[in-house]
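**Student:** Chains as they are written, first to last, in the working numbering: chain A, 1 to 368; chain B, 1 to 326.
Check each hint, because a few of them may be wrong.
[Said to hold, decoys possible] With a Cα cut of at most 27 angstroms, we get these calculated DSS-like pairs of lysine-lysine:
| # | chain 1 | residue 1 | chain 2 | residue 2 |
| --- | --- | --- | --- | --- |
| 1 | B | Lys304 | B | Lys97 |
| 2 | B | Lys185 | A | Lys45 |
| 3 | A | Lys58 | B | Lys319 |
| 4 | B | Lys194 | B | Lys271 |
| 5 | A | Lys67 | B | Lys319 |
| 6 | A | Lys58 | B | Lys271 |
| 7 | B | Lys319 | A | Lys255 |
| 8 | A | Lys58 | B | Lys137 |
| 9 | B | Lys138 | B | Lys319 |
| 10 | A | Lys58 | B | Lys72 |
| 11 | A | Lys53 | B | Lys185 |
| 12 | A | Lys45 | B | Lys271 |
| 13 | B | Lys72 | A | Lys67 |
| 14 | A | Lys283 | A | Lys25 |
| 15 | A | Lys53 | B | Lys25 |
[Claimed, not checked] For each label pair, taking beta carbons as the anchor points, the in silico distance ranges come out as:
| # | chain 1 | residue 1 | chain 2 | residue 2 | range |
| --- | --- | --- | --- | --- | --- |
| 16 | B | Val215 | A | Glu295 | 57 to 63 angstroms |
| 17 | A | Leu174 | B | Asp323 | 51 to 57 angstroms |
| 18 | A | Gln7 | B | Ile117 | 54 to 60 angstroms |
| 19 | B | Ala322 | A | His27 | 29 to 35 angstroms |
| 20 | A | Ser57 | B | Pro318 | 15 to 21 angstroms |
These aren't lab readings, by the way, just hints derived from the structure by calculation. Glycine included, each C-beta is placed from N, C-alpha and C at the ideal position.
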Amino acid sequence: MHAIQQQYWAVRDYLSPVLKESKFKEHGRITPEEFVAAGDFLSYKFPVWTWEKGDASKARDYLPAEKQYLVTRGVPCLRRATSLAYTDADEDAERLLSFGDSSGTADEWVETHAGRGATVDSAANLGEIDDIPDLDGDGLASAMADVSIVSETGATVGETPDLDDIPDMEEEGLEDGEDEATMAPVVPKAGGVIDASQIGVANGNLLQVRTYDVMITYDKYYQTPRIWLLGYDENRTPLTPSQIFQDISADHALKTVTIEAFPHSSTLQAASVHPCKHASVMKKVIERMNAGVVEEQLAARKNSGKHQDKDGKKKWGFGRKGAKEEGVKSPVEEEEVEGMRVDFYLVVFLKFIASIVPTIEVDSTTAF
Amino acid sequence: MPVVQFAPFASLVQPGFWHELTRMKIDVLRLSEDAITVNGSYSVGRSIRDRETGHDIALGCNLTVGEDAYQKAPQLSPMSVHTTGIFKNFNTIEDFKAADKAALINDVVSKIWDSIITTKDTSLLTQFLLITFADLKKYQYFYWFAFPAFVSKPAWQISENGWKQADEEIQGHFQLESIYDSLLKTTRSFFLVKEIGGITEVGSIEQYEEFFAGVAPENRVIGFLDPSALPENPGWPLRNLLTFLRAVYPSQTSSVRVLCWRDSERPTAGKPWRSRFGVVSIGEGDPTTKPSAIGWERHPTTNKLSARVADLAPMMDPKRLADQAV
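Just chain A, with the same shape it has in the complex (with noise of 0.2 angstroms):
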């Protein structure tokens, strides 16, 4: 059934036709050629992203051969999203997107713990997060649990066995003793820094950290940016899609993230944001934004520009930390107020995926 479905959206994807028309600010899609353009700019201003070229014959050719889709690699995710367990205090940080008009809750995006890391005090935070929920006694992986994903032996995910402990693999006497040169695995020390492998020794089990391969491809269909990930534990080893699930704000997960077959190779499966919705929302922060920088330029050129950097911050109204006020310079310094320009597209579209994936850094734009 999956397979045919499968094959049923590669089809419509073949036959839909290529957005031809840039609207990004009326409908919140883009074109291939915007959508390169904005990859340009993410990739030159956070080098952290590189095009990708992809398998060649899975190659879309209304984009460039070398600008098939952008990578990220090694995101690190600290916590899971399932650990940002509600408390009565969160509620507050919790920041309902709602751009509601009359169509309802269909349009409503919850940014979870907008503020928490401004607004929590480090030292006395260090108390409540100290379970990390197991696969199984979580509500969401218990969920995912009934959803199936039993194989053949009756073992559901949550209980694969251990695989790594195969008492026959070690070697002994290969080599001989330690060496004093190579560093001890364990280092737990206060203060300094953590290696990740060490970090639950380190913390009592207050961290693991994940790391994730982002990839942003475009999807013709949907004409939006379409997010991937694909996840590592701490010891390196590529998480379920179960584990995948626990990075995910519980009120996306098995809605609008699903498994599914990486677009530019022939076998990959990787989790994905269902696109389904991206250009609504976008549209509305586009918006929202857009308002904000085209009022900002009629400022600027009133004031030439005398106070720019402070109310640059204001701009980025839905940004953390207001991220990214070298980009925004440039449109002020032009003559015309053409409001936001479609280059931030994917600096945006990081923002809204970030509220989706809470714990995933993938909004490098806010780390400068």
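Chain A is already provided as a structure; the job is to place chain B on it using the hints.
**Tutor:** Chain B only, in chain A's frame:
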């Protein structure tokens, strides 16, 4: 003086590598167990500040192999370097277990040593070894990496000052800026830095003698792209680089000023550079005989010398994927 402790490489295999291996096994390798060359890469060590606790967390000293490992010239992101590995896939799990691991790693070690002694070039210093067994029906991949490293006798020691932030030790930001610019243009695994009259120059290790001719020892720096992010532990590549320097230039390298390059981006105003600097030295020894070597990767959970398994059934098995899609 404390012994320098190197942070070992940790292997990171992207799922794409296993997908590609599946294809290779069926279409190209078939029953062949011959060793082939694959590509891996490593980049500067990264750390991330945990916003809740304020700790810096090092993200591991990773050597990555991906989908493009079998291609000739894989794409690289900035501040990453490419390295080659010997790859051997076994047809049965029994062969995989029975393989003479000591002999396999000795072959690679000998090749690296020969490249040091005869061609005096650094391109093989980080060569790795990877053995696998692919259970294609179960989507399970057994694998074991080795990152051969020579054991120096006596061991290298770090000076009393220890490892310091590079900008504290190297005069001001000026030098680091020019090193950064040079590395951004051509990222090298290993490099030399000298300073003459306030001007910083970067050169390749192979030109050691010409490059450092007439340069006072305190203006010489040996640099390498450091995949470790731990403040007291330089990454694995430095080990073989030091062996190389000892073997090729024994008279000038009993004490070496080392720059561990860890900056992938120019730091923003007010932030320090992440690179580390230290002076390491070594006692009397015979640098021209082949030292012993180690290098099989330890299992990350047990810390024993053993192979690992990547179980990709949840992401590859069509049955399980179909069940998961609701």
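**Student:** Enumerate the violated hints, using their earlier numbering and listing them in ascending order.
**Tutor:** 5, 6, 17
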